[in-house]
Amino acid sequence: MAVTVTGLQIAQLLVERRGLGLYIASNQSTIAAGSVTSAYYFANSNWGGNELLSRNAGFWGPENTTGLADDWRPAGTLTASNGAVAISPNFTDTTARNLYCLYHGIHPQFIIDACNQALRDVYTPALEPLCIKPASTVTLDAGFQNSATTSWTESDADGGPATTFSKVSTADSDVVYPGMIRAGLIVNTQAGGYIRQRFNMTEGDTFNVFALSRLASGTNAELVLRDVTNAAAIGSTVEHDQGSWQWMRRVGEVVPDGSKLVEVRLQGEGASDNVYWQALCVYPQRARVIELATTWDTSYKLPSLL
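Letter by letter, the sequence shown follows residues 1 to 306 in our numbering.
Listed next, the in silico DSBU-like pairs over lysine-lysine satisfying Cα-Cα at most 35 Å (straight line):
#: 1; residue 1: Lys133; residue 2: Lys260
#: 2; residue 1: Lys167; residue 2: Lys260
#: 3; residue 1: Lys133; residue 2: Lys167
Simulated from the structure, these hints should not be mistaken for lab results.
Can you make the complete structure from the sequences, with help from the hints?
Below, the structure written as structure tokens:
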């Protein structure tokens, strides 16, 4: 399971371990309009007033409340007796915050650009299920890897039972299946709550549907198929009541006569079911082309298809 690291965590390690400057925690300095004072770091009787000027230093405060307006200030004259460093122009935001004092003329944009470049080469592999594109959804999200929930429709929106849908991304836990970075969670407040996606199909075609699910609490996790055109169920519901991940399957289902739209429901049977979902696979057995849910910008990132 991947562990998320922020750009600021990388910046802090870079500055501290490579001698590029100082990381100054919010309780180690006082910020005024025209100065940064840190007795902890800069009150040094061995330093002269040009100490930071000679290092071509500046202050980066990415956690400020005004954005670029208070992001970066070149360091000026140091008053070594109390650790006050003049800056110009003045800060607008003088609230306490973490600062980076960067040496050698390094501008914070250099670090940001390097992090963005690294993201093209250093990435976390994730598994994505094979799934045809939903009928009216721009983003597929069959693997629940996006942070947004907008690709899925909750049963409430269909006038059905009440449920809430959220995403979870707890690293190294049993609520996210290994190889994935997120899972979907439905929490029912009425029996039969679900999330769903709809798919354009051809009547008479056979198709397969798979999904991973884990019942955290409640009655049953259910994989339900509906014929939207004729407002009828397709086949028999598959369900389980297990607290470990289960691979649910519906193989060789037939699109009913006259049907143009098939709905897949990831459902909780009970009134208070909590169900984690992952990896929805939907594809006609005779499909010749299936759009992949993820794009790759370089060939070496292309994973194996299983």
